[in-house]
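Peer 1: One-letter residues, chain by chain:
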Amino acid sequence: MVPISWYLVLSAILFVMGAAGFVFKRNIITVFMSIELMLNAVNLSFVAFSYLLRSVHAQVFVFFVMVVAAAEAAVGLAIIIRVYRNRQSLNVDDIDLMKF
Amino acid sequence: MDKALFLLFATIAIVGAANLLRQRHPIYSALSLVAVMGALAALYLLLGAEFIAAVQVIVYAGAIMVLFIFTLMLLNVEEEAATGRSRMARYLGLPLLFLLLLQMVAMLRQEYPVTMVAQVGSHAADNVKQVGNLLFNQYVLPFEVTSVLILVAIMGAVVLARRKS
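Listed in order, the protein sequences are those of chains L and B. Our numbering puts the first sequence at residues 1 to 100. Our numbering puts the second sequence at residues 1001 to 1165.
Pulled out of the complex, with its shape left as it was, chain L reads as follows:
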């Protein structure tokens, strides 16, 4: 008997840790992994709500989130490879051409 709110709080903690990685990490691939961590945290919320509402619809949405995450990872890593070829660096501080 685990309260549903524990799952939701765990999801909130993981989401904030992902956001912290996004803000503080300097390697662009680690930043990308932090985004994946945030997506996972949201998926956990979806599944917890799916249990709470006794509805499988949320699980279908988790499936779609995973599909989009896979597509995003493929394209994002291709972009990272291209950036590395052009700049020989993965530090986000060096990739500032569009910085105002």
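Misleading hints may appear alongside valid ones.
[Stated by the list, open to error] Pairwise CB distance ranges (calculated):
no.	chain 1	residue 1	chain 2	residue 2	range
1	B	Arg1109	L	Ser55	20 to 28 Å
2	B	Thr1115	L	Asp96	48 to 56 Å
3	L	Val68	B	Ala1054	16 to 24 Å
4	B	Phe1143	L	Asn91	38 to 46 Å
5	B	Pro1113	L	Lys99	42 to 50 Å
6	B	Asn1076	L	Asp96	22 to 30 Å
Just so you know, these hints were derived from the structure itself, not from any lab. Note that the Cβ used here is the ideal one computed from N, Cα and C, for glycine as well.
Fit chain B to the given chain L structure using the hints.
Peer 2: Same frame as chain L, but now just chain B:
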């Protein structure tokens, strides 16, 4: 019993996420993210989402993280340079993140009292069948659209990562 399992896997997830933040080398971060994803798959099983748990292991831990580690090895990534972060992130980042966490926890505690509990094994036994029924009846159009999205993503990845000839 459920509580012990939940606490075990929640601890693994949080420690893994903390290790992702702590490690300076991206390979170690990627491996701790795999641990987080495995722990989350176990939590999905506790919540009765068998299909999602399987897909989590196969697609996330299996496919996406392999792609990450493959890229890390391909680019031969070195340790993260310890550059000074931007002033905004240094002074505002942590307080705002704590504020976000406190807000979310306070809201969740208020909206979802501890009397709402999850009991392992109390869910419907035909989870995969239910998901499949929904996916191929009500959500068949979004399902087909995601296949086009995957196709476009594959072509985009090939075009972006191709060497200039």
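Peer 1: Now, for every hint given, state plainly whether the structure supports it.
Peer 2: Tested hints:
| no. | hint | verdict |
| --- | --- | --- |
| 1 | B:Arg1109 <-> L:Ser55: 20 to 28 Å | holds (23 Å) |
| 2 | B:Thr1115 <-> L:Asp96: 48 to 56 Å | holds (51 Å) |
| 3 | L:Val68 <-> B:Ala1054: 16 to 24 Å | holds (18 Å) |
| 4 | B:Phe1143 <-> L:Asn91: 38 to 46 Å | holds (39 Å) |
| 5 | B:Pro1113 <-> L:Lys99: 42 to 50 Å | holds (46 Å) |
| 6 | B:Asn1076 <-> L:Asp96: 22 to 30 Å | holds (23 Å) |
Against the hints set out earlier in the document, no violation occurs for any number.
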